[in-house]
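Engineer: Sequence:
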Amino acid sequence: MLQTGNIFTDILFIVSVIFPLLPAGIIFIKKIYCNETLNFLMILCLMNFVKNFLLFVSPLNTASQNVITSIFTLFEFVILIQLFKQVFPEKIKKIANIFLIAFLSV
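To convert, take the position in the sequence shown, counting from 1, and add 333; that gives this note's numbering.
Please note that a few of the clues may not be correct.
Estimated spans, in silico, between C-beta atoms of each pair [said to hold, decoys possible]: (1) I359 to V400: 29 to 37 Å; (2) S349 to I404: 28 to 36 Å; (3) F341 to I431: 27 to 35 Å; (4) D343 to F436: 36 to 44 Å; (5) E369 to L345: 32 to 40 Å; (6) T395 to E423: 41 to 49 Å; (7) A396 to K427: 34 to 42 Å; (8) I428 to K364: 50 to 58 Å; (9) K364 to D343: 16 to 24 Å; (10) L437 to T342: 34 to 42 Å; (11) F432 to V383: 35 to 43 Å; (12) N430 to I362: 16 to 24 Å; (13) E369 to T402: 24 to 32 Å; (14) I362 to F386: 30 to 38 Å.
In short, the hints are calculated from the structure, not lab data. Computed from a predicted model, the values in this text were never measured in an experiment. Just so it is clear, CB atoms sit at the ideal spot from N, CA and C, and this is done for glycine as well.
Turn these sequences into a full structure, and let the hints guide you.
Structural biologist: This is how it looks when you write it as structure tokens:
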């Protein structure tokens with residue numbers, strides 16, 4: 334964990350690590366996870382929590398932090414594409430699928 338010397342900054346950092354659990358918890362407690370959009374939102378929040386928790390708990394060097402951040406950013410990008418694809422018309426959904434397949438295959 335990065336120690337700044339300021340207790341207020343350290344507490345805000347801990348809150349920012351835990352905060353993504355709030356929407357996932359609300360979705361899970363209210364049992365509204367049958368909606369596909371909310372499933373993607375819950376997965377995105379949980380992935381964000383895991384990434385921040387890994388960076389918070391384990392003392393890693395800069396290269397390891399960059400690898401973890403890059404991997405989780407790629408998965409978050411895929412989840413965001415799937416999340417926003419729900420509101421697009423059918424033609425744009427097909428283009429988004431082609432873009433996503435091309436992006437992931439590279």
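Engineer: Holds or violated: 28 to 36 Å for the Cβ distance of S349 and I404?
Structural biologist: 20 Å, violated
Engineer: Tell me if the beta carbons of F432 and V383 are separated by a distance inside 35 to 43 Å.
Structural biologist: For V383 against F432, whose Cβ atoms are near 26 Å apart, the range 35 to 43 Å is violated.
Engineer: Given the hint of 24 to 32 Å, check if E369 and T402 actually sit that far apart at their C-beta atoms.
Structural biologist: 27 Å, holds
Engineer: Range first: 30 to 38 Å. Now tell me if the beta carbons of I362 and F386 are that far apart.
Structural biologist: About 21 Å separates the Cβ atoms of I362 and F386, which means 30 to 38 Å is violated.
Engineer: Given a hint of 34 to 42 Å, does the C-beta separation of A396 and K427 actually sit inside it?
Structural biologist: 39 Å, holds
Engineer: Confirm or reject the claim that K364 and D343 have a C-beta distance inside 16 to 24 Å.
Structural biologist: Given range 16 to 24 Å: violated, Cβ gap about 35 Å.
Engineer: Starting from the hint 34 to 42 Å, judge whether the C-beta atoms of L437 and T342 obey it.
Structural biologist: 37 Å, holds
Engineer: Just tell me: holds or violated, for the beta carbon distance of I359 and V400 against 29 to 37 Å?
Structural biologist: 31 Å, holds
Engineer: May I ask you to test the hint 32 to 40 Å on the CB atoms belonging to E369 and L345?
Structural biologist: 33 Å Cβ-Cβ, so the 32 to 40 Å window holds.
Engineer: Is 50 to 58 Å respected by the C-beta to C-beta distance linking I428 and K364?
Structural biologist: 34 Å, violated
Engineer: When you take the CB atoms of T395 and E423, is the distance between them in 41 to 49 Å?
Structural biologist: 44 Å, holds
Engineer: Confirm or reject the claim that N430 and I362 have a C-beta distance inside 16 to 24 Å.
Structural biologist: Roughly 33 Å apart at Cβ, these two residues miss the hinted range, so it is violated.
In this structure, the earlier hints numbered 2, 3, 8, 9, 11, 12 and 14 are contradicted, and the remaining ones agree with it.
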